[in-house]
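Given only the sequences and the hints, what does the whole structure look like? Please build it.
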Amino acid sequence: MKTAVIQFPGSNCDTDALEAAKLLLDGDAQFVWHTETELPEGTELVFIPGGFSYGDHLRSGAIAARSPIMKAVGAHAEAGGYVLGVCNGFQVLTEAGLLPGALSRNRDLHFHCAPVHLVVENADTAFSRAYDKGQVIEIPIAHGEGNYYADAETIGRLETEGRVVFRYKDNPNGSLNDIAGIVNEGGNVLGMMPHPERAVELLLGSEDGRGVFESLKAK
Amino acid sequence: MTQPTQHLRDQAATFGLSTEEFDILVERIGREPNALEAAIVGAMWSEHCGYKNSRPLFKAFPTEGPQVLQGPGENAGVIDIGGGYGVAFKMESHNHPSAVEPVQGAATGVGGILRDIFAMGARPFAVLDSLRFGDPESPRTRFLLNGVVDGISHYGNAIGVPTVGGETIFHPSYQENPLVNVMALGLLRHEDLATGTMGEVGNQIIYVGSKTGRDGLGGAVFSSADLSAASQADRPAVQVGDPFMEKLLLEATLEAIQAGLVAGVQDMGAAGLVSSTCEMAYRAGLGISMNLNDVPTRETGMVPMELCLSESQERMILVPVPGKEQELYDLLAKWELDVVNIGQVEDHQNYRLVWDGEVVCDLPVDLLNEAPKYTREGVENPDIIAKREMDLSGVEMPADLGAVLTTLLSHPTIASKKPIFERYDHQVMTNTVVVPGAADAAVMRVRGTQIGVAATSDCNPRFVYLDPYTGAAAAVAEAARNLACVGATPLAITDNLNFGNPHDLGVYYQLQQSVQGIADACRALNTPVTGGNVSLYNQYVEGDQKVAIHPTPTIGMVGVLPDVTRHVGQHIPAGPHSLYLLGELGQGIGASQYLGTVHGLEAGQVPALDLELHRKVIDGTLALIREGLAAAAHDTAEGGLGVAVAEMLLGGTQGAGITLDAPAETRADALLFGETHSSVLVAVPLGRETAAEARLSELGVPCRLLGTVSEESGERLTFALPQHSLNFSVSTAALKQAHSQPLRDILA
Chain A
1 MKTAVIQFPG
11 SNCDTDALEA
21 AKLLLDGDAQ
31 FVWHTETELP
41 EGTELVFIPG
51 GFSYGDHLRS
61 GAIAARSPIM
71 KAVGAHAEAG
81 GYVLGVCNGF
91 QVLTEAGLLP
101 GALSRNRDLH
111 FHCAPVHLVV
121 ENADTAFSRA
131 YDKGQVIEIP
141 IAHGEGNYYA
151 DAETIGRLET
161 EGRVVFRYKD
171 NPNGSLNDIA
181 GIVNEGGNVL
191 GMMPHPERAV
201 ELLLGSEDGR
211 GVFESLKAK
Chain B
1 MTQPTQHLRD
11 QAATFGLSTE
21 EFDILVERIG
31 REPNALEAAI
41 VGAMWSEHCG
51 YKNSRPLFKA
61 FPTEGPQVLQ
71 GPGENAGVID
81 IGGGYGVAFK
91 MESHNHPSAV
101 EPVQGAATGV
111 GGILRDIFAM
121 GARPFAVLDS
131 LRFGDPESPR
141 TRFLLNGVVD
151 GISHYGNAIG
161 VPTVGGETIF
171 HPSYQENPLV
181 NVMALGLLRH
191 EDLATGTMGE
201 VGNQIIYVGS
211 KTGRDGLGGA
221 VFSSADLSAA
231 SQADRPAVQV
241 GDPFMEKLLL
251 EATLEAIQAG
261 LVAGVQDMGA
271 AGLVSSTCEM
281 AYRAGLGISM
291 NLNDVPTRET
301 GMVPMELCLS
311 ESQERMILVP
321 VPGKEQELYD
331 LLAKWELDVV
341 NIGQVEDHQN
351 YRLVWDGEVV
361 CDLPVDLLNE
371 APKYTREGVE
381 NPDIIAKREM
391 DLSGVEMPAD
401 LGAVLTTLLS
411 HPTIASKKPI
421 FERYDHQVMT
431 NTVVVPGAAD
441 AAVMRVRGTQ
451 IGVAATSDCN
461 PRFVYLDPYT
471 GAAAAVAEAA
481 RNLACVGATP
491 LAITDNLNFG
501 NPHDLGVYYQ
511 LQQSVQGIAD
521 ACRALNTPVT
531 GGNVSLYNQY
541 VEGDQKVAIH
551 PTPTIGMVGV
561 LPDVTRHVGQ
571 HIPAGPHSLY
581 LLGELGQGIG
591 ASQYLGTVHG
601 LEAGQVPALD
611 LELHRKVIDG
621 TLALIREGLA
631 AAAHDTAEGG
641 LGVAVAEMLL
651 GGTQGAGITL
661 DAPAETRADA
671 LLFGETHSSV
681 LVAVPLGRET
691 AAEARLSELG
701 VPCRLLGTVS
711 EESGERLTFA
721 LPQHSLNFSV
731 STAALKQAHS
741 QPLRDILA
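In the order they appear, the protein sequences are chains A and B.
Going by UniProt numbering, the letters in the first sequence line up with residues 1 to 219, in that order.
Going by UniProt numbering, the letters in the second sequence line up with residues 1 to 748, in that order.
Source of the hints: derived by calculation from the structure; they are not laboratory data.
All C-beta atoms, glycine included, are put in the ideal place defined by N, C-alpha and C.
Take the hints with a grain of salt, since some may be wrong.
As the list claims (entries may be wrong) - In silico negatives: residues of chain A with every beta carbon more than 10 angstroms from chain B:
id, residue
1, GLN30
2, ARG59
3, GLY97
4, GLY134
5, ARG157
6, ASN177
7, GLY186
8, ARG198
Said to hold, decoys possible - Derived DSS-like pairs: lysine-lysine, alpha-carbon spacing no greater than 27 angstroms straight-line:
id, chain 1, residue 1, chain 2, residue 2
9, A, LYS169, B, LYS417
10, A, LYS22, B, LYS546
11, A, LYS71, B, LYS334
12, B, LYS52, B, LYS373
13, A, LYS2, A, LYS22
14, B, LYS387, B, LYS546
15, A, LYS217, A, LYS22
16, B, LYS418, B, LYS736
17, B, LYS324, B, LYS211
18, A, LYS133, A, LYS169
19, A, LYS133, A, LYS71
20, A, LYS169, B, LYS546
21, B, LYS59, B, LYS373
22, B, LYS418, A, LYS169
23, A, LYS22, A, LYS71
24, B, LYS546, B, LYS373
25, B, LYS334, B, LYS324
26, A, LYS2, B, LYS334
Below you can see the structure in the form of structure tokens.
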């Protein structure tokens, strides 16, 4: 699956994302610098990695969401192409309006880096079909601003439309409805705070994140 | 002319120079310096840059070995780890800044050491923090600890280098003067090794990164003086960090080095622009000329003194490969960095600065880099001798040894540091094989190879205080032991020597003895010294009382695992195991955490260190791990064998039955909680005992079976001392509770 990993100044999980995509999506992955205006020909998956794009200045993800490449990412999503935003990538997607809601400071105002348990709420999406509904997986988080918020109507829609894909078993950050990851209406854009790309090798502690990539590959 | 010079001489102290040093300067240049020159010399001759009190002692250090690619004298040492890869590593202190402004003090400590690493052409891939604070109950300690953790978290997380280990120790001697020592490791291909040189005549000198402001003014001098209440007024000497700028600088510098565009590179650290360019000129053996009007500034009205000595963060000096200047500019522009040509390398031996068309500094490069050296004959403080010689036979034996065990486990020095590590991103870069707290050392894999790199930082200040020679050697020994316990062969060290004021002969004695102890241990364990950092004047003046920290020569050690899959942690996995002790049983309670925490005494002999035995224990541990005969390994340290066994059980629910069958002449508390240097606990899977014992006997490693770890132990840790007619047990739940909570309570 041809993958474009977007690099903003301050991205720091870009290499991790690229390596995971290479390992699990047949090796065809490349970086795309934020000043580009087009995605590489034939891009199937856009991976917006974690990090502190633009040093989190203004709001996390806010400046990156307005960088040149994001127009092309928007068009890709509009056309039904897959977009995966992890951690800062999720923040960028909400700032860009590709996903609803916002990520604010963690409830206790501290950064958390720890493995967390997620419940797979919807195993019928392009990003989760390799899992079983209700399956509990262990994937690490590493963020200071992962507290998901949206107005009541939006939350209601996310829930009734089955767009909450992953839910924290033990909420680490105060997210409404324990939301850890959501998809857009078309089901082709996923944003999640936990890092599936950090959980793809047993040597590093967990392989539970492989399912996200394997789901995409099995499309 | 005499009038102004007399005036300057009287002001020597404000430049960080003694009047004697001022006179040496006048004599060596054969004229009177101007104020700018005096300030530049003061900064370059400060302990922080010039090592005037410590360098003469460093002759003792072994610095060579087949594994050393770059020894002391560069931005960082570099060792060979095989497969064409090298690891650059170094540790540096940010003690004084952290004492007055903990968040930025610690943050810029991380930033500074990372620049040293990528200036070598290495990509930083791990950070360890060695932190020391005073009384954990005091508001000041809480303020400092929370601030330092926030600072490290803020900087390290944003720049995307994992914080994978370190230590956090609490001791009253650090109450006013905390220690923040940051160690960083970077990975490079051998061919990308860069150095801090000006190269050849005609080369351009490029300034890249943040603009220069008034922050951090005189930091090198500030950190080379005692702290006092007045130090709060030195807050402007503390720099402010911007990890985003550093991230850009890191990527740009590495890209430029890998593209072959850089002839020399160095970060602007202590004493800023001056020290970086002075040192680079010295290494090239050439003179330079720079125009200060070209230095990018963030404030208006800055004068040469400020431009030279500002310690604004995130700035580098690059020297382009001749002919590649434009390529380098273009590459740096991609990263949206400020880039200015501020000078050139010239065919003379002087350090020349120009301001408004006039030469304002013209001093020999050699003079700046060759600070006067001071040696003294240290004298041990008689109070410390008396404490060491104290007879401990009258120390009462506690009635409830189980309670002693939980008390020790809950001492903040021993208790779980998880609440701290959770605030740091320890997994970014996806190389972290062992997360902090799970093993005696951090383990990272080298992607695309079988190789693993392990790192640790260690120093037991009680040992060094009571016996600086043995204590410092023991810090090296402990670091090597910790690496062995994850399956890594120790390769080399960096040291961070934190001491009080070296003009105090008692402090100087500690420094002298410590350096010798480190040197001897490094020689015996084949771990050369590749670099280091010295932080003196760690003492606080209160009225007419001077309170020095406990001498703390922190050792940062790096090792290699030829096959990273052959590593173990300190927690015994589920299933039955036999627990072995390799090395020695505790014989005394002298200098132990137990004696301090339970009896309020800091006294007694530091246990003798047998380096021959130590090597054997390390070899035995490595053999068992690499041959699949060990499922977990853990060294004994603070709290002795009792605490070490308990810590090995904290990963699961299994209990253990331990028998210490030793003669009753040795006190039970010494066997349980006495501290030793050459002891490692190894869990051998049930059924592999014969093979493990045979291997250890082949290697000549003394060992003894302590007992078994299994579900049959009923989730309790039981100790039996038959010759002492003693028996006690504690539930694993109680051990966990004691260990997990204390730091959560201290961290806000």
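- Any hints this thing doesn't respect? Which numbers, in order? Per hint list: 8, 10, 19, 20 violated.
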